[in-house]
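Participant: Can you build the whole structure from these sequences, using the hints too?
Residue numbers (my numbering), protein chains in the order written: chain C, 214 to 525; chain L, 214 to 525; chain Y, 214 to 525; chain V, 214 to 525; chain D, 214 to 525.
Among the hints, erroneous ones may be present.
Since the list can't tell identical chains apart, any single copy or any two copies may satisfy a pair.
Once the Cα atoms are required to be at most 30 Å apart in a straight line, the calculated DSSO-like pairs of lysine-lysine come out as [as the list claims (entries may be wrong)]:
no., residue 1, residue 2
1, K439, K283
2, K216, K401
3, K401, K324
4, K439, K520
5, K401, K319
6, K216, K324
7, K264, K439
8, K283, K264
Don't read these hints as lab results, they were simulated from the structure. Since this is a predicted model, take the numbers as computed values, not measurements.
Residues per chain are reported as follows:
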Amino acid sequence: MPKISREDILVPADVMPEVREVYLDNMMAATRGTGHLMLFACDQKIEHLNKDFYGEGIDISDSDPEHLFKIGSQGICGVLAGQRGLIARYAPDYPDINYLVKMNSKTNLVKTAQCDPYSPQLYDLEAVLAMREAGCNIVGIGYTIYLGSEYEPQMMAEAGELIAEAHAEGLIVVLWIYPRGEAVTDEKAADLIAGAAGTALCLGSDFVKVNPPSPADGATSAELLKQASDASGRCGLVCAGGSATDATTFLTQLHEQIHIGGAVGNATGRNIHQRSLDEAVRLTKAISAITFGDYDVQEALDVFEGKEDFSL
Amino acid sequence: MPKISREDILVPADVMPEVREVYLDNMMAATRGTGHLMLFACDQKIEHLNKDFYGEGIDISDSDPEHLFKIGSQGICGVLAGQRGLIARYAPDYPDINYLVKMNSKTNLVKTAQCDPYSPQLYDLEAVLAMREAGCNIVGIGYTIYLGSEYEPQMMAEAGELIAEAHAEGLIVVLWIYPRGEAVTDEKAADLIAGAAGTALCLGSDFVKVNPPSPADGATSAELLKQASDASGRCGLVCAGGSATDATTFLTQLHEQIHIGGAVGNATGRNIHQRSLDEAVRLTKAISAITFGDYDVQEALDVFEGKEDFSL
Amino acid sequence: MPKISREDILVPADVMPEVREVYLDNMMAATRGTGHLMLFACDQKIEHLNKDFYGEGIDISDSDPEHLFKIGSQGICGVLAGQRGLIARYAPDYPDINYLVKMNSKTNLVKTAQCDPYSPQLYDLEAVLAMREAGCNIVGIGYTIYLGSEYEPQMMAEAGELIAEAHAEGLIVVLWIYPRGEAVTDEKAADLIAGAAGTALCLGSDFVKVNPPSPADGATSAELLKQASDASGRCGLVCAGGSATDATTFLTQLHEQIHIGGAVGNATGRNIHQRSLDEAVRLTKAISAITFGDYDVQEALDVFEGKEDFSL
Amino acid sequence: MPKISREDILVPADVMPEVREVYLDNMMAATRGTGHLMLFACDQKIEHLNKDFYGEGIDISDSDPEHLFKIGSQGICGVLAGQRGLIARYAPDYPDINYLVKMNSKTNLVKTAQCDPYSPQLYDLEAVLAMREAGCNIVGIGYTIYLGSEYEPQMMAEAGELIAEAHAEGLIVVLWIYPRGEAVTDEKAADLIAGAAGTALCLGSDFVKVNPPSPADGATSAELLKQASDASGRCGLVCAGGSATDATTFLTQLHEQIHIGGAVGNATGRNIHQRSLDEAVRLTKAISAITFGDYDVQEALDVFEGKEDFSL
Amino acid sequence: MPKISREDILVPADVMPEVREVYLDNMMAATRGTGHLMLFACDQKIEHLNKDFYGEGIDISDSDPEHLFKIGSQGICGVLAGQRGLIARYAPDYPDINYLVKMNSKTNLVKTAQCDPYSPQLYDLEAVLAMREAGCNIVGIGYTIYLGSEYEPQMMAEAGELIAEAHAEGLIVVLWIYPRGEAVTDEKAADLIAGAAGTALCLGSDFVKVNPPSPADGATSAELLKQASDASGRCGLVCAGGSATDATTFLTQLHEQIHIGGAVGNATGRNIHQRSLDEAVRLTKAISAITFGDYDVQEALDVFEGKEDFSL
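Facilitator: In structure tokens:
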């Protein structure tokens, strides 16, 4: 995965000329100069409440929210994605992390059986721009859409408007798109995941985070993912890391998503932060070795196990 | 179909004097100087998700979103209609296409049986004007109304306001109007299609896209369409191309819609982009030959089959 | 009905001093200098879709929307009321008509049994003012409220705000108020019509259009209408013309509404435009003869039948 | 009830310094320099439609809306409360009345059994301020909250914002608070009325209008009202006059509400305007004799019966 | 609990540089220079209507709203939290209290069984800033979120935006977060309380008020609270004081919440204001002795009983 130059980046037409260089700076920073994305997902304190951060199988260090920032600072990530307030509270002590502000969030208390999911926009972009202006290293924003929810219209509209505003200010955008709701019978069907990817493209996002499709008809998840990465066109596709699995399985999946499925990276949360600081830091490096450095699985495992280092 | 001159265009009273020339430019560009419309519909990646772009009977080239822009660039279209983000991503490499920004969209996941359809506005006009200002060749906007939906009020209001804003800035407007919802028992009844056409006129749209009515009482679809084209008055009526059919049938229908039904053109998506690039390009030319060049069906088929060329 | 002078007009306190003359101009124009109103209702292409304009018993000329403007131009009307877009499209060729922009509209597809009626505001007043500024002869606005609908709050709020804004800009206002919804058992009860009339007064409208009450307890519709015209106080009351009836009946009703019921005019659509141009023009003159000229029914019938002319 | 001086008025902290004198002027005017309130409620033409103004037992003069203004002008009232449009239409001829603009209203058509009550804000404060600026003698605004309705949030939010805006402009505020809705089993329970009174205080209102509590446990309504007048603290409490009763009963209740219940006045509509002009004028004077002049019931009855006069 | 200095305070990145000193002033004032919070909750006149202020077991002095301000003035509190209007009415006579404006409130009339809870924002921040500008000693704002309600999205969005706006103006923020609604089966489960605490952190609040968790599995409430105070990270956690209990129990719980549970203070209403002024004042001092002065329970009880004094 050779480094790219600024000239290789296709700047969309909604980035205003006066912030073109800002957009390029942000894209180069977020992708570490590769065009690929390694997103450390730190929005689950609202999304999953405290169950992702405390309990059996979770390292005790994860009970302190600062753990996330220590990992972000000592590990190798493209961006650390979290809600505006979380970032505001810790960024002054971790000024070098590339922050991506998650613009919406919901808890998991109301289940889909009760009510189709709606994750509301929590603040306007002005608040994010003010933080950036005040010196916080914000490179972009994120937003989650539950496609097929009865509240799809609200989320599509909020995302659609935010992307236009963010690009006009030189920020990059990542959409999380998950089909979910009474109308959705198979959230991980390959063609539906591809539809989500195409939707992100049409909304103008720079990257889209989707769940990897379920294997079907003898095809693996990574093979089926190719439909989605095709559909997303010039919008880079990354897969959600999902719940914790062992590192070998996890890194193998990631490698296949990129090299078979056409993904340009990944977006992982629990699998990283539920580990001790040292182990988590090594996992971010192993992920980045594959994503940014084009390592194979065994090399990446060596990085994870500390036998080898990876740096940019 | 002789060329028209700028003086032949009736400029509505809500086009502000200072953008009168811009409006005339856009109308002349979109109609290729004929007053007629050939709209290449590229909004289905959200509307129909990925099923229109990948699968049996669809050329593999359609799985890459850039396919749409190659057709738009190499073929002959009046406008390419797509969501703002899609256009933003590819327009820099295809600067000569006339773009029409689709302002709202929904997926097809929530069916009418679950919930009446609502397609939300995805961004405000400012975002579109900014792109135009930054050099993107945007000539107009589009919006879909599901008449008879319980959400008709929301869509009527969004469309009503957008049309006023767009005309005030010199942009042309196309409404897609489809009767749909629990209250609608026959979506393609001729008088209902005519009602949709009249609604578009009253909202101030320049063009309205409707489904062709069902044949009834011994009258053909094209004959019944006349009621709608009468009802739309000074708002030009075009028919949706619908699902893929063979070229002969398709071009025959188009010819009848114009010459019997009073349509001023057509709006076609799948029937074009599901084909290979070469075939798709030839189909746009065949359509344009009828719409812009007043060819008969056989001449247009010759264009489609490459036996004859059509250019403007 | 002698002519009034500008000094006879009671200018409400929400007309700002700097537009007082504009308001007086508009009121004198709309009432042809009489204080009475003859409103030609041309908003049904949305309200009733195409069934009012095409079919058995309807003159074929009514299938062309321009028919409305020909009548408005050649006949004698106080104002022609229609949606903003309709007016924008034809007003450049019919600059002398007094236009009243209908600010909200709904189709008749969703019936009250399915959902209480809501007719949404379709554009803000800015759009109307811009058209006026650009030279379009707009003298006022209109808005429909369905009193007793579960959506009464939305319509009351939209109307309440619009009236304030319109008066502040010197425009006159007509409210259409119809009791309708699950809660309304008798839409034409005299006391309910009177309640509607009083509501219009409290909202600040200049005129209110109501349905004539049903005859009851031995009293005629016109006699019962007096309760409503009393209740509307300084807000002038006019009756809806309703569905087509023969001219004699129609003109007799109108005369009684004014001379017995205390109405200051009428608001008629179908009864006019479903006729041929010549007949429709004569009917507008007959109506205006009663409304503006204080003709009796027989004299007005002579005007309708072309035996006599009426001009202002 | 001795006159108060401007220095006795506690100006709340949300009255901006630059309008402090305006607020004091308005408070002195509305309370006739006593700190007490006599509110003539003229908002029922929407709230109760025409049944309060025409029918058996109602003087025929009440069928003309101007009746309200004649009473307000010839009688003695603190403020005349009505919707913005009603005031706009008559205030030019009755410039000396102190007007209080009712900011929201609903009809009584949709009953609580069908839908919890919501009375929507009908115009923004700008419209009211413009009228004041243009010379209309507006001293304050009013708003109704149905506490315990499922729409309580909307009304609380509209009231909360309006009070802040009104005070910032020097206007006084009266809240009407009535517990009503599916959740409310006893609308006139003393502790609930007290809760309503406390709510008005917390929202920042200057006065609150409540229904007098039902007698209970051997205590009279006036005795139980004391809990509410305590709870409202520095927000003055007045009772609704309710439906028409004979003058003796009415004035006795009023006297007890003030002298036993701690009220600072009353808010009466029907009981006044359903009478002939002369009788209505005398009743306003009798009420004001108790409220502003500290008359006892017999003295006030003498005023009502014309045996004695009351002036300020 | 030694005093802290301004340098010890971690200023979040959304406090704009030009108001950094204002924020520090507010934080030092609200925490009495300790970083700890003693919040006197005075928002129940809406939340609980009058039942918290009048009745058996409640000192009669509590029926007068001014009681709250006397306590706030004579006792020792960090902040007095109440609705904007309540503060506006009394603050001019109690200028030295640190006020925290509660931005939303609802009554308890509509129960969760009828409808999930929604507490609406009652005024925008502009209204609060204007009061501060006019001299009112406002140091921060508060907002309640019912996590797991079907209206969670509305409250999350209102809180999220308000926090950004408040910090940008140098105000501190306290969130009240209570899990409640059809979806919530155990409102006081320790992991859910911890989820609420983490949510407050992610939204950017300075402090979060939660209910103490229910004891479970042999662990005390205070022990289980530790999970929540960990989860809230740099957002200080305080517990609601709950319904009245005897002072010994109450102060013991408070001490344990701080010293075992990791709380940084408390937020108490009824337990204070339902007492006589003298007793209430002593209780605030006892609470502050623990919160600000690091007293043990016995020492605090001595303060409460007047055997010892506590001052800052």
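Participant: Does each hint hold? Answer for all of them.
Facilitator: Outcome of the hint check:
1. In this assembly of identical chains, K439 and K283 lie within 30 Å of each other by CA distance solely across copies; the values are 21 Å between and 34 Å within a copy.
2. In the homo-oligomer, the alpha carbons of K216 and K401 never lie at most 30 Å apart, since the shortest distance is 33 Å inside one protomer and 52 Å across protomers.
3. Within a single copy, K401 and K324 get their C-alpha atoms as close as 18 Å, and across copies as close as 19 Å, so both meet the 30 Å cut-off.
4. In this assembly of identical chains, K439 and K520 lie within 30 Å of each other by CA distance neither inside one copy nor across copies; the values are 33 Å within and 37 Å between.
5. When the C-alpha separation of K401 and K319 is checked against a cutoff of 30 Å, the pair qualifies both within a copy, at 21 Å, and between copies, at 20 Å.
6. Taking the closest pair of Cα atoms, K216 and K324 never come within 30 Å of each other, the shortest separation being 43 Å inside a single copy and 46 Å across copies.
7. Taking identical chains as interchangeable, the C-alpha atoms of K264 and K439 lie at most 30 Å apart only when they sit on different chains, with a minimum of 15 Å there against 33 Å within one chain.
8. Taking the shortest Cα distances, K283 and K264 sit within 30 Å of each other inside one copy (20 Å), while across copies they are farther apart (44 Å).
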